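Asks: Listed below are the residues making up each chain.
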Amino acid sequence: MRYGLERLVSLHGLRGWIAVLGIALVGMVAIPVLNAAVPAGSWLHLPDFVVPLLGKFLCYGIVALAMDLIWGYAGILSLGHGVFFALGGYCMGMYLMRAIGREGVYRSDLPDFMVFLDWKELPWFWHGFDRFWYALPMVLIVPTALAYVFGFFAFRSRIKGVYFSIITQALTYALMLFFFRNNTGLGGNNGLTDFKRLLGYDLHEQSTRVALYLISAGTLLLAYLACRFIVTSRAGRILMAIRDAEERMMFSGYNPLDYKLAAWTFSALLCGIAGALYVPQVGIINPSELQTSNSIEMAIWVAVGGRGTLVGPILGAFIVNGAKSYLTVAYPEAWLFILGAVFIGVTLFLPKGLLGIGGPFAALKRLAGRRARAAGAPQAAERPAARSRSHVGSER
Amino acid sequence: MERAPSPRERAPASAAPDGLRVAPAPGAARNTAAAPDLTLPGIPFDMRNHRCNRLFPCGIALLMTLLTAASLHAADLKSALKKVASDERGTLMEGIETLGTLGDPDALPVLEALRDDTLRVAPGGKLYILSPDGKRASEVGTGRSAPADSLKLEEPPINNAVRKSIDSSIAQLQLFSRNPEQRLSAARELANRATPDDAPKVRAALARETEAAVKHILQATLARLDLSSSDRTVRLNAVRTLGETGDIQRMNDLQQLTAVKPDGAFAEPDREIRAAAAAAMKSIQLRQTIISLGGDLLYGLSLGSVLLLVALGLAITFGLMGIINMAHGEMLMLGAYTTYVVQNIVQKTLPAYFNWYVLLALPAAFAVCGVAGIVLERAILRFLYNRPLESLLATWGISLALIQSVRQIFGAANVTVANPAWLSGGYAVYADLVLPYNRIFIVLLGAIVVTLVWLLLQHTSLGLQVRAVTQNRAIASTMGIRTAQVDMWTFALGSGIAGIGGVALSQLGNVGPELGQSYIVDSFMVVVLGGVGKIAGTVVGAMGLGIVAKYLEPLSDAVLGKIILLVFIILFIQRRPQGLFALKGRAVEN
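Protein sequences, first through last, are from chains A and B. Every letter in the first sequence is one number past the one before it in this note's numbering, and letter 52, counting from 1, is 52. Every letter in the second sequence is one number past the one before it in this note's numbering, and letter 556, counting from 1, is 556.
Don't take each hint at face value.
[To be verified] Which chain A residues face chain B? A few, computed with CB under 10 Å, are given here:
#1 Ile76
#2 Gly161
#3 Tyr163
#4 Leu171
#5 Phe180
#6 Ala330
#7 Glu333
#8 Phe343
#9 Ile344
[To be verified] Covered stretches of chain A, going by a simulated chain B footprint (3 or more residues, C-beta under 8 Å):
#10 84-97
#11 269-281
If you're looking for bench data, these hints aren't it; they were derived computationally from the structure. Please read these numbers as outputs of a predicted model, since none were measured by experiment. Glycine included, every Cβ here is placed at the ideal spot set by N, Cα and C.
Given only the sequences and the hints, what does the whole structure look like? Please build it.
Replies: The following block contains the structure:
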């Protein structure tokens with residue numbers, strides 16, 4: 001095993017690195033320049049509202065990466081990643097709420113919704129969130145801790161396949177109801193909103209938005225490299241082996257619990273970070289993020305792009321959400337039909353996602369293909385022989 | 001998830017105002033034994049009616065007494081009605097009050113007509129009641145009807161004071177009404193309003209009352225009035241009665257008895273009565289606990305039955321094919337909308353049979369959802385049997401499309417499905433424990449469907465094949481079972497059962513495009529809890545979940561209850577990963 005710079009370089013071949021760095025360059029340099037430096041009249045100018053929109057998509061890209069790590073490489077379809085996303089978002093939202101100070105509608109020390117509910121003092125779990133150095137670790141700890149505990153119990157009792165999916169869905173549903181309550185102390189139905197500033201920077205300033213965009217882009221790049229590191233490592237290969245034949249790995253002396261739990265927890269961590277970056281850019285976090293439909297949509301980003309490719313899911317998140325942003329405005333009635341058709345069509349006709357087809361995505365496909373050869377084919381899970389595969393029986 | 005009960009769930013259908021029907025001869029016909037049958041049209045002949053002229057095989061002496069009393073009474077009634085016909089306001093009010101105290105329900109239509117401003121006086125002091133369109137008038141007493149224009153009718157001199165006395169007289173009379181529903185509501189109304197002056201009236205009503213529920217309320221009312229009696233034994237008996245009737249509304253009165261006044265003395269000087277009051281309070285509390293437990297049990301069972309109807313199909317198809325159908329909740333929604341459509345069709349084409357539209361909706365919903373299930377299975381799902389996780393996504397896509405289709409067709413707003421008469425109201429076990437008929441219906445429906453499915457699975461060849469494929473698809477296939485066919489029919493069956501669940505749900509509340517979404521997570525939990533392939537598991541899982549959810553509600557609130565349940569389920573499958581009732585033997589071989 002190689003370490004350090006050498007290991008980093010080994011994540012991709014030459015062409016892979018050129019592609020990754022090229023995309024990163026476009027995303028992190030060209031877009032801010034087109035927005036800020038190109039005069040507003042020019043056709044090259046990027047309107048101001050596009051930057052936070054793209055920033056939002058970047059956050060979704062991080063979520064899609066996290067989903068792919070757990071679904072594409074560990075074979076675990078989570079319908080609960082919205083929970084970790086929302087938890088990270090709420091932690092950040094609580095800080096932003098406290099950062100409003102006395103500038104709320106009621107000019108009170110307390111957040112507006114607490115004044116509205118006639119609360120006299122801050123609930124215990126809000127203490128500390130007025131400091132950024134406290135909120136930031138919370139963004140990492142809260143989703144991770146929940147994921148660890150939940151995952152520990154779920155994986156230990158060897159809940160797999162569809163069972164695991166519907167249990168995570170139930171978790172999401174229960175937490176959504178929980179966050180909807182006013183008594184929970186997190187703004188109930190309306191959630192947390194009306195944020196003013198982050199670390200003293202005005203959130204409505206374009207410069208702050210561009211900075212948040214850049215941070216999101218950087219985080220996505222780092223997250224991609226981290227996931228890439230994991231799946232090309234020895235542990236990543238064991239993870240894939242567990243996905244394909246868990247019993248066999250157990251007989252070979254591996255404990256699937258450790259690997260699954262690690263991947264699961266890391267995936268939740270990424271989601272929490274994405275949520276924390278998402279909230280200041282969209283300016284609101286409320287329980288609708290916890291709707292079960294949101295979590296399922298996350299899975300479709302991955303499926304659209306192509307499972308087990310890391311690049312594909314990011315692409316899928318951009319395509320699906322871009323289409324959603326456009327179509328829900330242009331054809332609001334048709335959107336659910338289109339989304340439904342995407343769900344059905346992708347699973348029926350594009351089991352490997354967009355990266356599974358050639359044409360305009362050939363370059364990306366090659367990028368993913370090289371990784372696939374290095375890391376063991378993810379297509380194994382798709383083989384029609386699955387019905388007679390050994391672990392199917394225990395899934396039922 | 002339990003929805004808040006909609007108003008129509010709770011309120012019993014208001015009684016048809018029988019009293020408004022103008023009877024032939026309430027007053028006049030009563031005098032002679034030869035008078036025509038006194039039974040009012042639409043009102044059952046009633047033993048309570050002591051003025052009855054039918055010759056019962058009873059002693060002649062008794063008959064004589066009754067007749068005398070009846071004619072005396074009838075004379076009073078007649079003179080009171082005459083007073084009502086007066087154009088003098090004071091005499092009119094006197095007449096109204098007499099009608100109230102006489103307690104003859106036959107006077108009710110007159111008073112109600114007076115209240116509704118349809119009573120008219122003809123020259124000569126005859127009273128007439130106008131028909132709803134105002135064109136004809138029928139005479140009070142004889143029921144003879146004539147065109148209103150020909151009679152030179154005049155309106156009685158009514159003002160606000162008169163209206164007040166009309167209302168109070170109506171309230172009094174309703175206690176004696178022939179319609180039990182009306183008596184019940186009158187008694188309820190009186191329970192809190194009655195003053196010691198009303199005691200004789202309550203006593204009189206109690207003596208004639210036959211309906212247990214009304215009797216119960218009147219007893220409690222009387223006991224409350226007796227609490228302020230100066231007679232010690234009366235008070236003591238009143239306290240004991242309050243304890244027996246167990247009405248929670250009387251807690252306050254009892255608490256006042258045991259309270260200590262500011263000067264240190266007890267509000268109730270008698271020690272024995274204080275002790276009796278304490279005991280009565282205890283028994284009231286106990287009774288309330290039992291009642292709420294009983295009511296919750298039915299609510300839990302009916303919630304469990306809905307879950308059962310949803311989860312039954314899920315569990316069978318999951319056991320058979322290893323896939324979870326996310327669109328299964330939408331079958332529930334489709335079934336509910338089918339009920340809505342059937343309701344509208346029946347209302348338009350066969351209004352006479354409107355009451356029975358639910359019975360037509362059951363097979364219709366089963367058929368609609370069954371066909372939808374077949375289409376779904378043949379068109380999409382059969383290609384995904386090897387890929388359970390992706391079938392989950394595909395069925396989710398189907399559910400989105402179904403929800404949006406229904407929105408396009410029926411609109412995004414909720415539609416109302418009416419309870420037929422036989423499903424509204426409830427069975428009153430006690431006065432304050434009413435079991436709604438719609439919930440009882442759902443529990444029965446659940447039981448019937450489970451029985452049928454059990455028979456189907458255990459005693460038909462399709463059932464045998466389903467069980468074989470569930471246990472081992474490959475071997476079943478080599479034995480000559482057409483597994484694809486079995487899949488299709490089972491899927492249709494499961495979807496159809498969910499459709500029946502939709503009919504049941506439509507009787508509980510409003511029907512909206514997202515109806516299925518709120519039940520699907522719970523029914524998944526039933527499958528996880530109960531295991532697959534055994535009906536017993538699904539039944540126990542559904543009922544357990546329904547009842548536990550209902551009982552957890554008051555302990556915390558509904559949401560925390562849900563979270564507790566989820567934690568419980570996760571911990572539970574630590575011990576029993578296969579659910580409560582796992583298939584044994586060949587099924588688990590790898």
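Asks: Take the hints in turn and mark each one as holding or not.
Replies: Evaluation of the provided hints:
1. Among the interface hints, the one on Ile76(A) holds; its C-beta lies about 9 Å from the nearest C-beta in chain B, closer than the 10 Å criterion.
2. Interface hint status for Gly161(A): upheld, as the beta-carbon distance to the closest one in chain B is roughly 6 Å, under 10 Å.
3. Evaluation of the Tyr163(A) hint against chain B yields a held restraint, the C-beta minimum of about 7 Å falling below 10 Å.
4. At a threshold of 10 Å, the smallest CB-CB gap from Leu171(A) to chain B is about 6 Å, leaving the interface hint in force.
5. For the restraint placing Phe180(A) at the interface with chain B, the shortest Cβ-Cβ distance is roughly 8 Å, inside the 10 Å limit, so the hint holds.
6. For Ala330(A), the interface hint is violated, since its Cβ never comes within 10 Å of a Cβ in chain B; the closest pair sits about 16 Å apart.
7. Among the interface hints, the one on Glu333(A) holds; its C-beta lies about 7 Å from the nearest C-beta in chain B, closer than the 10 Å criterion.
8. With its C-beta approaching chain B no nearer than about 2 Å, Phe343(A) sits inside the 10 Å limit, and its interface hint holds.
9. Nearest Cβ of chain B to the Cβ of Ile344(A): about 4 Å, under the 10 Å cut. The hint holds.
10. With 0 residues having a Cβ less than 8 Å from any Cβ of chain B, the stretch 84-97 of chain A misses the three-residue criterion, and the hint is violated.
11. Beta-carbon proximity to chain B at under 8 Å applies to 0 residues in the stretch 269-281 of chain A; the threshold of 3 is not reached and the given coverage is violated.
Violated hints, listed in ascending order, are 6, 10 and 11; each of the other numbered hints is respected by the structure.
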